[in-house]
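Asker: Spelled out from the first residue to the last, the chains are:
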Amino acid sequence: MKRAMKGLLVAALACTCVTALAASGDPEAGMKKSTPCQACHGPKGISVSPEFPNLAGQNEDYIVASLHHYKDGHRKNPIMVGQAANLSERDIRDLAAYFSEQSGLYVKN
Amino acid sequence: MPALRFLVAVALCATALAAAAEENTKVTLQNKLAQCQGCHGIDGWKTAYPEVYHVPKLGGQKAAYIVNALKEYKSGERDFGTMHAMAEYLSDDDMKQLADYFAGQGGKSAENSPPAAGGGK
Numbered sequence: 001m002k003r004a005m006k007g008l009l010v011a012a013l014a015c016t017c018v019t020a021l022a023a024s025g026d027p028e029a030g031m032k033k034s035t036p037c038q039a040c041h042g043p044k045g046i047s048v049s050p051e052f053p054n055l056a057g058q059n060e061d062y063i064v065a066s067l068h069h070y071k072d073g074h075r076k077n078p079i080m081v082g083q084a085a086n087l088s089e090r091d092i093r094d095l096a097a098y099f100s101e102q103s104g105l106y107v108k109n
Numbered sequence: 001m002p003a004l005r006f007l008v009a010v011a012l013c014a015t016a017l018a019a020a021a022e023e024n025t026k027v028t029l030q031n032k033l034a035q036c037q038g039c040h041g042i043d044g045w046k047t048a049y050p051e052v053y054h055v056p057k058l059g060g061q062k063a064a065y066i067v068n069a070l071k072e073y074k075s076g077e078r079d080f081g082t083m084h085a086m087a088e089y090l091s092d093d094d095m096k097q098l099a100d101y102f103a104g105q106g107g108k109s110a111e112n113s114p115p116a117a118g119g120g121k
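Protein sequence lines, in the order shown, are assigned to chains A and B.
Just so we're aligned, residue 1 is where the first sequence starts under my numbering, counting upward by one.
Just so we're aligned, residue 1 is where the second sequence starts under my numbering, counting upward by one.
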């Protein structure tokens with residue numbers, strides 16, 4: 001019985017780890033994929049024009065949601081719709097991890 | 001002479017009215033800012049509907065981007081019910097003032113935060 005319990009526990013832990021890995025992006029991979037983004041949003045996530053948002057330090061899941069919205073047409077900015085069209089789910093998560101790790105934006109109150 | 005007295009009285013009234021109007025603007029902007037802060041001023045705050053994710057951080061964001069986003073929410077071009085309800089009653093001037101507030105330095109949490117626009121590691 002004890003053995004079975006241990007086995008179950010290990011299996012449960014393994015599942016949790018796999019789920020966690022699948023959910024979060026890899027910032028290193030994101031950096032490599034971010035070259036096209038940098039043209040407007042800057043190499044450090046501080047954008048080159050007042051019209052483009054800074055991404056440095058933005059919430060990871062907000063970036064993911066935004067890219068999904070561009071990809072599915074919910075958000076209609078023509079530049080971003082074009083950029084997001086070819087991103088895979090993995091790309092989106094990696095890019096979000098990369099930009100959210102930079103320092104810049106903050107919760108102002 | 002009574003004419004002079006009348007002019008002084010008119011000038012005083014005008015000053016009082018201008019002061020009251022300024023005070024009124026201040027209160028209104030504070031109220032509008034309070035609406036933003038109900039979500040964007042709370043660290044870790046998340047949307048509830050139709051999807052769940054953290055609301056974007058606005059401290060240090062580009063002012064022109066914030067103004068454009070608010071205009072798009074107001075017109076419905078950017079489709080999100082909560083932000084449409086917020087932006088619907090904002091004038092162009094309100095949007096600019098709110099955007100300048102978020103884009104600028106300062107705020108209670110600023111000293112614990114990384115440098116805003118222009119910074120980054």
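Please keep in mind that the hints were generated in silico from the structure rather than gathered at the bench.
Some hints could be false.
Claimed, not checked - Straight-line distance between alpha carbons at most 25 Å, and here's what the computed DSS-like set of lysine-lysine pairs gives:
#, chain 1, residue 1, chain 2, residue 2
1, B, K71, A, K76
2, B, K96, A, K76
3, A, K71, B, K74
4, B, K46, B, K74
5, B, K71, B, K46
6, A, K44, A, K32
7, A, K71, A, K32
8, B, K32, B, K71
9, A, K33, A, K71
10, A, K71, B, K71
11, B, K32, A, K71
12, A, K44, B, K74
13, B, K96, A, K71
14, B, K46, B, K32
Asker: If a hint holds in the structure, say so; if it does not, say that too.
Answerer: Do the hints match the structure? See the list:
For a cut-off of 25 Å, the pair hint linking B:K71 to A:K76 stands: about 14 Å separates their Cα positions. This hinted pair checks out: B:K96 and A:K76 have alpha carbons roughly 23 Å apart, not beyond 25 Å. For the suggested pair A:K71 and B:K74, the alpha carbons sit about 22 Å apart, so the restraint of at most 25 Å is met. At roughly 21 Å between alpha-carbon atoms, B:K46 and B:K74 fall within 25 Å of each other, so this suggested pair holds.
In summary, the hint linking B:K71 to B:K46 is supported, as the alpha carbons are separated by about 22 Å, within the 25 Å threshold. Between A:K44 and A:K32, the direct Cα distance comes to roughly 13 Å. Compliance with the 25 Å bound is thereby established for this hinted pair. Of the supplied pair hints, the one linking A:K71 and A:K32 holds, its CA atoms being roughly 20 Å apart against a limit of 25 Å. As the CA atoms of B:K32 and B:K71 are separated by approximately 15 Å, the hinted pair is consistent with the 25 Å bound.
This hinted pair checks out: A:K33 and A:K71 have alpha carbons roughly 17 Å apart, not beyond 25 Å. A hinted pair counts as satisfied when its Cα atoms are at most 25 Å apart, and A:K71 with B:K71 qualifies at roughly 22 Å. A distance of roughly 32 Å separates the Cα atoms of B:K32 and A:K71; the hinted pair therefore is violated under the 25 Å criterion. The straight-line distance between the Cα atoms of A:K44 and B:K74 is roughly 31 Å, outside the 25 Å bound, and the hint therefore fails.
With a C-alpha separation of about 29 Å, the suggested pair B:K96 and A:K71 falls outside the 25 Å cut-off, and the hint is violated. Using a Cα cut-off of 25 Å, the hinted pair B:K46 and B:K32 holds, with the two alpha carbons roughly 20 Å apart.
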